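Put the two chains together into one complex; each comes in its own frame, and the hints tell you how they fit.
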Amino acid sequence: MNNHVPLLEMKEISKTFPGVRALDHVSFDLFPGEVHVLVGENGAGKSTLMKVLAGAYARDEGEIFIVGKHQPRWNPTVARENGVAMVYQEFTLLPFRSVAENVFLGREKKRAGLFLDKAAMHAEAGALLRSIGVKVDTRMPVLELGVAEQQMVEIAKALAMHARILVLDEPTSALSMREIEQLFSTVRTLKEKGVGIIYISHRLEELKQIGDRVTVMRDGQLIGTRGIKEVTVDDVIRMMIGREINELFPRNHCQPGEVALSVKGLKSGKKVKDVNLQVRFGEIVGLSGLVGSGRTETARAIFGLDSMSAEELEILGKQYKRIDPSKAVDVGLGLIPEDRRRDGLFPILSMEKNLVMVCLRKLFPRGIMRPALERSTAGEYIKKFDIQPPSLDRFVHYLSGGNQQKVVIGKWLAAKPHVIIIDEPTRGIDVGAKSEVHAFMDQLANSGHAILMISSEMPEILGMSDRVYVMHEGRVAGEFPRGADSEEILRCAMGVKQ
Amino acid sequence: MKLKNSKLLLRLILEKIPTVFWILIVMVVYFSVSSTNFMTLDNAINLSRQGAILLILSLGVVVVKITGGMDLSNGAVMSLCGMLMAWSMVNLHIPISLAILVSILIGILLGTLNGIFVTFLGIPSFIATLGTQGIAVGLSLGLNNGKVIGGLPKLFSEIGNGEFLNIPLPLWISVFVFILTTLILNQTPLGVYVYALGGNEEALKLSGKPAWFYKILAYSYSGMTAGIAACILTSRNMAAQPTVGSGMEFEAFAGVVLGGSFIAGKGTAFGAVLGALFILLLRNGLNILGIPTYLQLAIFGTVLIVAIVLSTLVERRVQSMRDEERE
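Chains G and X, in that order, give the protein sequences.
Counting from 1, position 281 in the first sequence corresponds to residue 281 in this note's numbering; the numbering is continuous, with no gaps.
Counting from 1, position 191 in the second sequence corresponds to residue 191 in this note's numbering; the numbering is continuous, with no gaps.
It should be emphasised that the hints constitute simulated quantities derived from the structure, not laboratory data.
Quick caveat, the model's predicted, so the values are computed rather than measured.
Virtual Cβ for every residue (Gly too), placed ideally from N, Cα, C.
Some hints could be false.
[Stated by the list, open to error] With beta-carbon atoms standing in for the labels, derived distance ranges:
(1) X/N186 x G/T77: 23 to 33 Å
(2) G/E61 x X/G208: 25 to 35 Å
(3) X/W212 x G/A123: 41 to 51 Å
(4) X/W212 x G/V78: 14 to 24 Å
(5) X/Q187 x G/E312: 54 to 64 Å
(6) G/T16 x X/L121: 27 to 37 Å
Chain X on its own, in the form it takes in the complex (with noise of 0.2 Å):
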């Protein structure tokens, strides 16, 4: 009896904090002795400024990735947004609270499209996100000839570089869109229908609910966190380029993914947030050791791969824990 008791603690250990957990504190560990540069008040501040772009990316991408899809364009959705609102900024002299809206509001619009494009047009999310990454790439590089867009006003930079009660701002960005996030996903009925679209969406619409529309509002929250994103990059550099946010869908959903939504119909803000917090510190201890970048690179992508392997494992160890449970 006792043991069976201790397998059941096991086994509920398991499932309910991400396997990326404890990759992530044997990491910091290994960091920590190997560079006295890692466990420092600058570099956390400095992961946090930095890092708040791909948290707050990777809250939008759990919340496509519950109902069972993929957001392939918010990496270009979110340069778009910045190229947008600098524009504005610049051309149309809209004050700054202004240009933060047009950037939410764009990653809104996009974030719907790709809605639509997945519900009413039955394009698989793969592909209908890839073709919005295109549409918005080409629409950035467009809006000024592919080059960058500076001369932003000063007050613009506080963004992405202030500071509140000694905390950067884009830390205090990301503990809000956390917080939404886990709110929506917990505490609402909206929360229910996303989780429902994934895990069985046929038993939300015998429930009489319009499935087509909580999985479109899906992608356009996505596509504000995007927007959202965007606003703290562009205030950080100052400037606003088109390519800037390429590649980060895949590190988001990476991230994702580490983070325990493996399958639709499961994952958590918190698991996200997990999740990018991994890629994060690999890439700035990685960074901090002074490894050369092309192995840099080779390391990040075996490391991942480890990690979702060693994620997939217990996975599937819990499974039959469970089912020998059941006996």
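So that you can see chain G by itself, here it is in the shape it has in the complex (with noise of 0.2 Å):
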């Protein structure tokens, strides 16, 4: 089937954020009626690639081509004209409107110029959900369907827009198994018709039952293409991986001491279904896991600041039933959190007040305010961290990113904990910074802290950590030591069963 032209053809695309390069020469194609699975880790650069085939960014170099055709003017009305349709994780759907109006929203059917026919529209959303295998009434309204309907729903928008390139981002990620089989034979209904589908997935198993192609991506760089009957799971994973570890992290040794935080059964929301993990005094525990797996959401829960239940939630040696930040904070706990301008910091307060900003009321118990004791509890940070530049009266809106983590961290630790969670202590800072902060976090947890450290960069679990928990799909799906293989942690994150 692949004698044909390629319906699309991407060469040598680049892409250039301020200090980022997100794709660099990367060539993609596509043929008719093919599953081409795109793969790698978080921050490869897949999104990126996707949002450029979709006009939504501009690329700084390279060429499209459809069906042949060099496309000089590309955005996203010409992308939408090409037949390109995307289906993202997060449904572009009305809620409480019917299931045929999300379906041609945009492209309604008319009578008489004006009014909606509503019978022709009700009828070929009907026929067009039938052509892919779903049977649902176009009349119900969104919200009444089932996560997987609601999919169809969107690919059946797509078709209606006479997509012929239809790009599914993570299209299981919240699909029951009989969801998946659903999916999978309107998929294979559409390359039936021809449709190119360009599939990612973070679920390797997946690979060899829908996909015809593999792409892998790394850093931003394109690292092969193959049929999927050349390679194995093992081999895309190792083409994921890849690197070496050329970092140095200063991390060498750790004697652990009582256990200083003890979870057992933690369950929060949706994305947190059974986290058991312990964290022990002079230890940092990485917390591995894919983007979504719950990580984040198992700190919040930890923390106090969403709604949970646990089996057993042990801190410093005593037992919680239930806790809320401000209990947490006096107990002992820190979060130092991942989106550090939303949730860390006060972008246009002084460097002072936020560094004071969750030991006021250890600083302060009496809730007078004293400008001395502020300031200089405030100075001693700014020296610790050396944070540039030492002026207490500046706006951290006006930090570098580094300068902007050192004073998260530094507001934390100025209340004291003995337990700290902290969030991708590095994402988006230089590589200097990022080794400040390594340092810190190692003599914090020589002095006894007990550290637990959620990372999605490998190298920093691999060399921060002195013990690996991994999550996968809100659970604890393995525990490794220091020193344990890569490929190992990716493929449990992945719930590739050994």
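Rendered as structure tokens:
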């Protein structure tokens, strides 16, 4: 079937964001009736490539061909006209409106040029859905449907736009086994119709079931494209990891003490289903897993930010039934959040105010502020962390990312916590600041703190952790000692059975 | 199985019929029993003349509310429309039909201005329409030094006081606006886009439609209803008073929320009418019972809050019933 002209060819596409080369001369093609699987770790550049395809991002370099025709102008409208359609992880449906209205949104059937031809819309939407093997009442509001059915509505919507290049972004992440079967049979029907499908997935076991070819990306680069029959899942994982750990990490010894934090059977919301973990004093424990596996949610639950329940929650040797953030701080827990601009800082307050924010109650137990003490406390942490420039009155908004991260860490340390949960400690900061942050973490652990570190960066997990827990779909799926194989960890995170 | 069906039926009833409908029934029964003057033809006719103004305003507000915005300007815009139409009839001696057109066009203009503030300048609708309210109040006070404009042509009083087939004209006009709004919301692509703006604006943009344009139209529509309401109001009083509409925007908004438009993407013209009727009947009923004004205000506020709380509770119950069905 691959002897036609490719439906889509993207040649040598490059895209640079300030400070990051998101795509580095990546080429990608797609044939009619083919399922081309696109895989890569978090941040490998898959989404950026797809956004270039949808016209949402303008490419810096490279060319796009549709059925052999060069496309000099490429934007969302041209992309749509050429039959590119995306089915996003977050659906773009109107929850209260009918299936038919959603399928034809923006392309309504009209009578007398003005009024909706509802009968025709229902009939055609129904026919479209039946053609991909789905039976739903097109009059139902979308929110009455299950997740899989909503996804089918999204696909039908794409087909109503005459999609020939269909991008499915992690389509199975929210589906049950039976629903996945339904999706796959739809995908097969689409293949027979000659639609080309780009299939992004973290579930490598699906690769063999549905894919024809697979392309692996890593760090914004194309690692390779292979026929599905030529590779094994292990090959793909090796291609995804591929790098050597060339960064130096300070962590070299660890003397674990008593158990500082112990959680059993933790549940919270939809993303945390059953988490068991333990962190000892003097230990850095890594928490690895894919985006969406429930790591951040686990941290939020332990800190009492979201409602949670647990069979056991033990902090510093004491049992707790319930916890809220204020109690957590009092007990000696600190949470350094992932998105520091949003959750960690008050951007238009001074560095001084930011640094004392968490420890106010400890610093001034009577509720009356003493400016001198406030300044000296803040000054102490600025010196300790070498925050540049060291001016107390500066708004943190104007600091560099690395220095902002130091302020966030500093403000938590000022509250003198014993157990520190740190979510993506070095995301988005430069290499120099990175190694400084790593050095602080090492010192903290050596001085007897218990640290739970969430990270998506494999080198960081391997280099900094004394032990690693791996999460998969809301559960701790495995525990690894220091020096474990990165492929093993990734396999566990993807839910591939050994 | 049978139990499951009756539960589903209950859920659908609670979901499809706004809670305010049931509250309305209870209220009507209570007032009818309490006073013999409530359930009379005279009262109904009186109410339909007075109430048409709030009804029509609500039908504009609901469109804006569905897109996820609010319109705090339409009371003041209505005042300004009235002032301008009266001023131009008295001073420029323009015919009545042209004066009506002036009122409606001014309404559309100010509504469009709201829309432009919200879309192009990115101002939250709450503040943008508050600003327009200020502009409109200022202009209508300035137009005649804060004084009432009277001495309108005799025939003009027909709009607010006339009848057709024994039914007051204001009622005909509100029925017309109701049908128009229902048609637009339910039977045209425009309506779909209005709901899309509130439900998932991104989806509308992704389907290649100019979302900003439809959003402006929604605000223009609300302005238009203010212009229509101004005609009835000015005609009924046979005078234009610069602050006559102040406070109406809140009544209209409260009515629309009660009528089921709790969150963006939800709401119907029918619900807006029910909500407006609730507010009108509550006012009217308390009046007929002869309750002192200060108490009336306090009771009005309390009942309004109770009604909203009740509706929200039902809304949440429906939500959890739906979740249960899924399991």
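Query raised in the report: So which hints don't hold here, by number, going up?
Result: 3
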